[in-house]
Amino acid sequence: MTSSDTEEPVDHLLRRLAPQVVGVLTRRFGDFHDAEDAVQEALLAAAVQWRTEGVPGNPRGWLVQVAGRRMIEQVRSEQARRRREDLVARQVPDDRQAAPPADSEDTGGRDDTLRLLFLCCHPVLSPTSAVALTLRSVAGLTTAEIAHAFLVPEATMGQRISRAKQRIRASGATFRMPDREDWPTRLASVLQVLYLIFNEGYATSAGPELLRVELSREAIRLTRTVHALLPGDSEVAGLLALMLLSDARSAARTGPDGELIPLDRQDRARWDAAAIAEGVALITAALPRGPVGPYQVQAAISALHDEARTAAETDWPQILALYGVLERIAPGPVVTLNRAVATAMVHGPAEGLALLAGVAADPRLAGHHRLFVARAHLLEMAGDRPGAVENYRAAAERTASLPERHYLTLRAARLAAPP
Amino acid sequence: MKYMLLMQFSQDMSDALPPIDTWSAEEVQAHIGFMVEANQKLSAAGELVDAQGLAMPATARIVRAGADGAPVVTEGPFAETKEFLAGFWIVDCDSAERAVEIAAYVSTAPGPGGAPLNMPIEVRQVMSAPQGEL
Numbered sequence: 013m014t015s016s017d018t019e020e021p022v023d024h025l026l027r028r029l030a031p032q033v034v035g036v037l038t039r040r041f042g043d044f045h046d047a048e049d050a051v052q053e054a055l056l057a058a059a060v061q062w063r064t065e066g067v068p069g070n071p072r073g074w075l076v077q078v079a080g081r082r083m084i085e086q087v088r089s090e091q092a093r094r095r096r097e098d099l100v101a102r103q104v105p106d107d108r109q110a111a112p113p114a115d116s117e118d119t120g121g122r123d124d125t126l127r128l129l130f131l132c133c134h135p136v137l138s139p140t141s142a143v144a145l146t147l148r149s150v151a152g153l154t155t156a157e158i159a160h161a162f163l164v165p166e167a168t169m170g171q172r173i174s175r176a177k178q179r180i181r182a183s184g185a186t187f188r189m190p191d192r193e194d195w196p197t198r199l200a201s202v203l204q205v206l207y208l209i210f211n212e213g214y215a216t217s218a219g220p221e222l223l224r225v226e227l228s229r230e231a232i233r234l235t236r237t238v239h240a241l242l243p244g245d246s247e248v249a250g251l252l253a254l255m256l257l258s259d260a261r262s263a264a265r266t267g268p269d270g271e272l273i274p275l276d277r278q279d280r281a282r283w284d285a286a287a288i289a290e291g292v293a294l295i296t297a298a299l300p301r302g303p304v305g306p307y308q309v310q311a312a313i314s315a316l317h318d319e320a321r322t323a324a325e326t327d328w329p330q331i332l333a334l335y336g337v338l339e340r341i342a343p344g345p346v347v348t349l350n351r352a353v354a355t356a357m358v359h360g361p362a363e364g365l366a367l368l369a370g371v372a373a374d375p376r377l378a379g380h381h382r383l384f385v386a387r388a389h390l391l392e393m394a395g396d397r398p399g400a401v402e403n404y405r406a407a408a409e410r411t412a413s414l415p416e417r418h419y420l421t422l423r424a425a426r427l428a429a430p431p
Numbered sequence: 006m007k008y009m010l011l012m013q014f015s016q017d018m019s020d021a022l023p024p025i026d027t028w029s030a031e032e033v034q035a036h037i038g039f040m041v042e043a044n045q046k047l048s049a050a051g052e053l054v055d056a057q058g059l060a061m062p063a064t065a066r067i068v069r070a071g072a073d074g075a076p077v078v079t080e081g082p083f084a085e086t087k088e089f090l091a092g093f094w095i096v097d098c099d100s101a102e103r104a105v106e107i108a109a110y111v112s113t114a115p116g117p118g119g120a121p122l123n124m125p126i127e128v129r130q131v132m133s134a135p136q137g138e139l
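Each protein sequence line maps, in turn, to chains A and X.
End of the first sequence sits at 431 in this note's numbering; the numbers just go up one at a time, nothing left out.
End of the second sequence sits at 139 in this note's numbering; the numbers just go up one at a time, nothing left out.
Keep in mind the hints are simulated off the structure, nothing from the lab.
C-beta atoms are modelled at their ideal positions from N, C-alpha and C, and glycine is treated no differently.
There's no promise every hint is true.
Just the calculated beta-carbon pair ranges, DEER-fashion [what the hints assert, rightly or not]:
| # | chain 1 | residue 1 | chain 2 | residue 2 | range |
| --- | --- | --- | --- | --- | --- |
| 1 | A | P303 | X | A72 | 24 to 34 Å |
| 2 | X | T79 | A | A362 | 33 to 43 Å |
| 3 | A | P398 | X | P121 | 25 to 35 Å |
Footprint (simulated), chain A over chain X, 3 or more residues, beta carbon under 8 Å [to be verified]:
| # | region |
| --- | --- |
| 4 | 58-72 |
| 5 | 106-116 |
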């Protein structure tokens with residue numbers, strides 16, 4: 013037993029080992045669907061038993077053994093018993109993972125985690141399904157924990173996960189690394205799923221559902237793992253930096269009653285200096301390495317905000333230049349919206365409003381509350397109070413976030429009051 | 006017993022309940038603060054099951070299935086809408102009286118001038134499994 017095993021809390025240990033154990037069993041039995049179920053049961057058993065009886069000397073071996081036994085029971089009870097038992101018998105002796113060393117951190121386990129991520133974030137799955145499956149198989153959360161985080165009943169989440177697994181099985185996708193030509197798109201799917209998990213936690217951390225903040229932490233932990241496995245990939249580093257640099261501001265984003273506090277009014281002393289330093293170091297090392305991707309550019313923008321000691325010291329010309337880069341490599345109406353705000357900060361509100369007028373016709377943005385928020389800000393900057401009030405109210409009517417609606421209603425009310 | 010408390014607004018009420026975008030910032034702040042506190046109290050009492058606010062009716066859509074089962078969507082806002090649901094609570098409490106008490110409490114959320122809005126709250130029991138044999 014290594015010292016880290018004795019000190020690490022049981023739930024952390026289980027989450028760290030989960031993808032490795034799923035990997036071992038998937039390779040051994042050739043069936044991700046059943047391996048994933050068996051590991052989930054073993055994790056639940058371990059969570060109970062290890063807390064009362066202590067962590068076994070070889071926790072990973074324990075999980076492999078218990079989950080493996082469970083799988084063999086399943087195999088025996090199924091109709092295709094003969095064929096599958098033959099398969100098991102044939103594969104077990106070949107498996108180099110059969111008896112892993114107690115403190116095994118070998119490359120087998122590490123590659124398994126990556127293979128598992130590629131499988132759980134496979135493009136045949138919808139983003140919601142991929143998110144749920146990744147949290148269970150790779151992050152090692154229980155179905156109940158995931159259901160709680162997404163505020164849906166446990167049975168619903170259980171079905172979502174099981175349908176995702178059936179879909180993977182039906183698609184014929186297997187537990188292996190993508191081919192070289194598929195690698196960029198498959199990795200992009202993985203990063204998108206991790207970013208979705210992060211945003212789910214980030215966007216909702218303002219509400220009374222404090223537990224949902226855990227999702228951001230899980231996303232950071234998973235992205236850290238991917239970064240450790242692929243240290244040379246600049247976009248992985250960029251995504252990790254972006255998460256750290258955004259999460260660093262989370263304590264300052266809301267007031268005591270959960271009300272939103274915009275970036276320019278946040279108490280910067282409450283930002284997490286360690287997370288900012290780590291994010292800045294990551295993005296500083298990644299950018300010159302290239303190729304430059306959208307996560308790196310967004311991280312660089314976030315870093316510029318985080319490094320300003322006051323809102324007034326923000327390096328807007330640099331941010332504007334970066335939005336220009338982002339618009340070239342990953343164009344979209346929301347990027348243009350942000351560039352319009354940066355333009356206003358550098359060249360004045362009139363230029364920003366002109367840019368907004370151009371993008372307002374984009375059907376992807378029609379009626380979107382963010383268009384009204386951006387216009388309200390720029391009109392307020394330009395001194396057009398009635399125009400700003402009207403746009404803040406229009407945005408409040410359209411947002412689907414309650415804290416955001418409160419914030420916008422308040423901002424409109426303050427601005428509408430006679431000075 | 007579970008009850009759903011519905012915060013239902015109608016156009017005829019707009020004289021008694023002026024729309025929130027005509028309130029001052031302090032009045033809006035006090036209203037939001039009351040709602041946050043109400044949910045905290047219900048949660049602390051072990052009675053809160055769920056509380057949700059709905060996006061404004063401007064974003065609502067009405068959907069019917071067409072002849073072939075494909076959705077036929079009508080986009081809002083709907084001029085003919087006389088009433089709309091702004092939000093709801095689901096509470097789990099010991100009696101119908103307690104549900105009424107909770108409804109009366111949330112009804113007092115402050116409005117203009119800090120005066121209680123006394124807005125109408127519809128109380129509906131949530132149906133459950135049969136309590137015994139028939």
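Hint check results:
| no. | hint | verdict |
| --- | --- | --- |
| 1 | A:P303 with X:A72: 24 to 34 Å | 52 Å, violated |
| 2 | X:T79 with A:A362: 33 to 43 Å | 39 Å, holds |
| 3 | A:P398 with X:P121: 25 to 35 Å | 31 Å, holds |
| 4 | 58-72 | holds (count 5) |
| 5 | 106-116 | violated (count 0) |
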